[in-house]
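S.K.: Spelled out, the chains give:
There are 2 protein chains.
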Amino acid sequence: MLVSWRVKAVSLGVVALSLSVELVCWVFRHLRPKKALNEVLFFPSELACVEHIFNPTLTYSCFCSLPHGIETSFSRLLRHILSASSSLDLCVFAFSNMDLGRAILALHSRGVIIRVLADKDYTAISGSQIGTLRKAGICVRCSKGTVYMHHKFVVLDSRLLITGSLNWTLTAVQSNDENLIITEEQDLLLPFSQEFNRLWVKNDPCKRPLSCSQPKP
Amino acid sequence: MLVSWRVKAVSLGVVALSLSVELVCWVFRHLRPKKALNEVLFFPSELACVEHIFNPTLTYSCFCSLPHGIETSFSRLLRHILSASSSLDLCVFAFSNMDLGRAILALHSRGVIIRVLADKDYTAISGSQIGTLRKAGICVRCSKGTVYMHHKFVVLDSRLLITGSLNWTLTAVQSNDENLIITEEQDLLLPFSQEFNRLWVKNDPCKRPLSCSQPKP
Chain X
1 MLVSWRVKAV
11 SLGVVALSLS
21 VELVCWVFRH
31 LRPKKALNEV
41 LFFPSELACV
51 EHIFNPTLTY
61 SCFCSLPHGI
71 ETSFSRLLRH
81 ILSASSSLDL
91 CVFAFSNMDL
101 GRAILALHSR
111 GVIIRVLADK
121 DYTAISGSQI
131 GTLRKAGICV
141 RCSKGTVYMH
151 HKFVVLDSRL
161 LITGSLNWTL
171 TAVQSNDENL
181 IITEEQDLLL
191 PFSQEFNRLW
201 VKNDPCKRPL
211 SCSQPKP
Chain F
1001 MLVSWRVKAV
1011 SLGVVALSLS
1021 VELVCWVFRH
1031 LRPKKALNEV
1041 LFFPSELACV
1051 EHIFNPTLTY
1061 SCFCSLPHGI
1071 ETSFSRLLRH
1081 ILSASSSLDL
1091 CVFAFSNMDL
1101 GRAILALHSR
1111 GVIIRVLADK
1121 DYTAISGSQI
1131 GTLRKAGICV
1141 RCSKGTVYMH
1151 HKFVVLDSRL
1161 LITGSLNWTL
1171 TAVQSNDENL
1181 IITEEQDLLL
1191 PFSQEFNRLW
1201 VKNDPCKRPL
1211 SCSQPKP
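Protein chains in written order, with the numbering used here: chain X, 1 to 217; chain F, 1001 to 1217.
Just chain X, with the same shape it has in the complex (with noise of 0.2 Å):
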């Protein structure tokens, strides 16, 4: 009787460690923060067709002249902005860039509510994109002073934030050298959030006699 006691003992000892080193592993598994996304892209960018980014569910082949299949920087690009669900709050200096342009209407026509901040004087200038978001409906909010507002940066349903030297242009895209870091880490995001609320507060056109963000008549 007491070896078999001895041997229930040893046993249960056994079972109790094994159990231990288990939940160790199960609380690695699980309990430990999630490795939140971090992704950087640099440009130039290949060139390829992006069509297929708009149209997922495309039936027919694209034969634009454009290289297909091909996954650039600038469709991984596309391809994060075109996963917001909720918001959009985009500060950017420059945005001349029609497939961006045409990803913000995108999102603006699937209910997703998008702010936009940009630069004043580059707003004026031929080739902006600006214009054609007023002309959609989108809120777009134009910097006050004699300064650059010179952020290039996009926070997508307070979950992702895009950032770096890229304007939202076509030769930044195709020709210059630049970058982009794409990350979920709040202790970044959370910054660009609360910078991108305090200046669309500074530059809201109410507390100015001159507003450049009336949708034209």
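I should point out that these hints are in silico values taken from the structure, not numbers from a laboratory. All C-beta atoms, glycine included, are put in the ideal place defined by N, C-alpha and C.
Computed from the model, here is a short list of chain F residues facing chain X with C-beta under 8 Å: (1) 1005; (2) 1149; (3) 1179; (4) 1181.
The hints should help you fit chain F onto chain X, whose structure is shown.
M.R.: Frame of chain X; chain F shown alone:
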């Protein structure tokens, strides 16, 4: 005897479970990855004296007219840059800020290995710090081609990345709306290090007839 062994078995189980809980706590405290530094700076920066950052052991007070003892975005940036102890790889479009130039020269005099990659058009502009760095013997390369080398990032000691919209100019620091991310996240830092090395090799002056990286006589 039977009861005694039952008590021992239960005690052993309790001890094993207690140890497992302790183990889980220890794992949480010690084995989970250390949180990487993530910091965001926004500009324009407040105007303040930065003399004490260059001379931490300053025994006399600075009598300049700027406010003293204020921690600003620019002073944070300077502190981070001056924390480099072995290497600094800078890839920047516009570099005319004299305090930032002074910081690079200070690191160079401490023996930090410095590589600077600059946009060739901006390098030739009056006020650029690139000539001053070259004269001090710092290795500088200029971008080839007709497009902009529009990056604004620096990698310190292969451990810290500073990147964003901020060019290294006085206007960017004191006037514009700008941002900088300062991060130790390896997922973000490593691609920038690799991109720097790629651009450094690509813009090797030995590979082209006209070099802009040779120190002027």
